[in-house]
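Sequence order for the protein chains is D and U.
Under the numbering used here, the first sequence has 157 at position 157, and the numbering climbs by one with no breaks.
Under the numbering used here, the second sequence has 20 at position 20, and the numbering climbs by one with no breaks.
Hints in this document: simulated from the structure, not taken from any laboratory.
Any given hint could be a false lead.
Here are the computed distance ranges between Cβ atoms for each label pair [said to hold, decoys possible]:
1. Val93(U) to Lys47(D): 17 to 27 Å
2. Ala61(D) to Arg21(U): 20 to 30 Å
3. Asp5(D) to Asn60(U): 30 to 40 Å
4. Asp5(D) to Gly92(U): 27 to 37 Å
5. Lys21(D) to Lys28(U): 17 to 27 Å
6. Asp27(U) to Asp35(D): 43 to 53 Å
7. Asp43(U) to Leu22(D): 41 to 51 Å
With a straight-line Cα cutoff of 20 Å, these simulated SDA-like cross-link-like pairs (lysine to any residue) come out [stated by the list, open to error]:
8. Lys155(D) to Leu66(U)
9. Lys155(D) to Ile65(U)
10. Lys28(U) to Asp43(U)
11. Lys88(U) to Ala53(D)
12. Lys28(U) to Glu2(U)
We treat Cβ as the ideally placed atom computed from N, Cα and C, and that holds for glycine.
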Amino acid sequence: MAAHDITPTRSVLLELKKKIKLSQSGYKIMKMKRDGLIIEFFEVLEKARAMRAGVASDFQAAMKKITIARAVDGEIAVRSAAYALQNYPTVKLSSKSIMGMMVPKVEAESIHTSIVNKGYGVIETSAYIEDAAAAFEKLLETLVRAAEVETTMKKLLDEIERTKRRVNALEFKIIPELKDSERFVKFRLEEMERENTTRLKHLKKKGAAAE
Amino acid sequence: MEIAVIGSDEFALGFRLAGVRHVFVADKDNYQEKMQEAMSNADIGVLAVNADDLQYLSQNYKAKILDSIQPVVVPVGGGESDLREKVKKVIGVDLYKTEDE
Chain D
1 MAAHDITPTR SVLLELKKKI KLSQSGYKIM KMKRDGLIIE FFEVLEKARA MRAGVASDFQ
61 AAMKKITIAR AVDGEIAVRS AAYALQNYPT VKLSSKSIMG MMVPKVEAES IHTSIVNKGY
121 GVIETSAYIE DAAAAFEKLL ETLVRAAEVE TTMKKLLDEI ERTKRRVNAL EFKIIPELKD
181 SERFVKFRLE EMERENTTRL KHLKKKGAAA E
Chain U
1 MEIAVIGSDE FALGFRLAGV RHVFVADKDN YQEKMQEAMS NADIGVLAVN ADDLQYLSQN
61 YKAKILDSIQ PVVVPVGGGE SDLREKVKKV IGVDLYKTED E
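All chains, full assembly: derive it from the sequences and hints.
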């Protein structure tokens, strides 16, 4: 809304004053929210960096172990062990709130399976296969934790971006435009008042001359 | 909810060994199709993907799946480039930069 498109009346001026007050308090709250989110983000960032490094190293270790198992026991033995498994890992997805923003909470329910419950015979499979399975179970555990932290970080980043955009819009667009409009209405009202005073003086002079 | 994995047969085998039963074996040609299938499965809570395979997806779809909450998509292997880029864009500073870089 351009400053000169509005009707210069007292009610509009009051309305504009109210809007400016509301925008300024909204701006302050948004700024506080943005700062709070950034503090929260820095806490999550450290965790995410450590977690990412953990995923990378666990993945490398697991791939190394499965390669050894395939080389020693052969592709078929590893595959048959993999297909014989009866227990499968599950996760529990819930949500928690960070400054009014919902983020997922991922909890691993059952990732590690004891050797007797695996579904394949202990005698037929070698220790290399067991090693590889343990390494992948460890990787899954790290993945589940990384899933929670990384998603929280993504959501925090999105929220920071949104809040920053709102703060900037209020600071550089909405509040200055409202102030411009207020100034325009004030000047127009003052001008109208001056015109009225001159008109009254003129009438008074005319009336005095007629008498 | 369960953990799922999508990628090449070699990549998925290890996860199978850890007990993951939702395995989507995909190659370059049918990767996006398999990904859509995995994303539409309501039983899946966490989806592990090979970070290098994400290049087979269109830019828009890749951004969409990486922002997904249910299932949560976790890239394995590769660097932290997506998250790193996002941090750089939003905060304005490369916070992942180490002293060696």
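A quick look at each hint next to the structure:
Against the hinted window of 17 to 27 Å, the Cβ-Cβ separation of Val93(U) and Lys47(D) comes to about 18 Å, which satisfies the hint. Checked against the hint of 20 to 30 Å, the C-beta distance between Ala61(D) and Arg21(U) comes to roughly 23 Å, which is consistent with it. Checked against the given bound of 30 to 40 Å, the beta carbons of Asp5(D) and Asn60(U), roughly 39 Å apart, stay inside it. At about 36 Å, the CB distance of Asp5(D) to Gly92(U) agrees with the hint of 27 to 37 Å.
A hinted range of 17 to 27 Å for the beta carbons of Lys21(D) and Lys28(U) is inconsistent with their spacing of about 59 Å. As the Cβ distance of Asp27(U) to Asp35(D) is approximately 47 Å, the hint placing it in 43 to 53 Å holds. The hinted window of 41 to 51 Å between Asp43(U) and Leu22(D) holds, with their beta carbons roughly 47 Å apart. Taken as a hint, the Lys155(D) and Leu66(U) pair is honoured in the structure, with Cα atoms around 11 Å apart against an allowance of 20 Å.
For the proposed pair Lys155(D) and Ile65(U), the alpha carbon gap of about 13 Å is at most 20 Å, so the pair holds. At most 20 Å may separate the alpha-carbon atoms for a hinted pair to count; Lys28(U) and Asp43(U) exceed this at roughly 25 Å. Taking the CA atoms of Lys88(U) and Ala53(D), the gap is near 19 Å; set against the 20 Å cutoff, the hint holds. Annotation: proposed proximity of Lys28(U) to Glu2(U) is violated, straight-line Cα distance about 25 Å (limit 20 Å).
Of the hints listed earlier, those the structure fails to meet are numbers 5, 10 and 12, in rising order.
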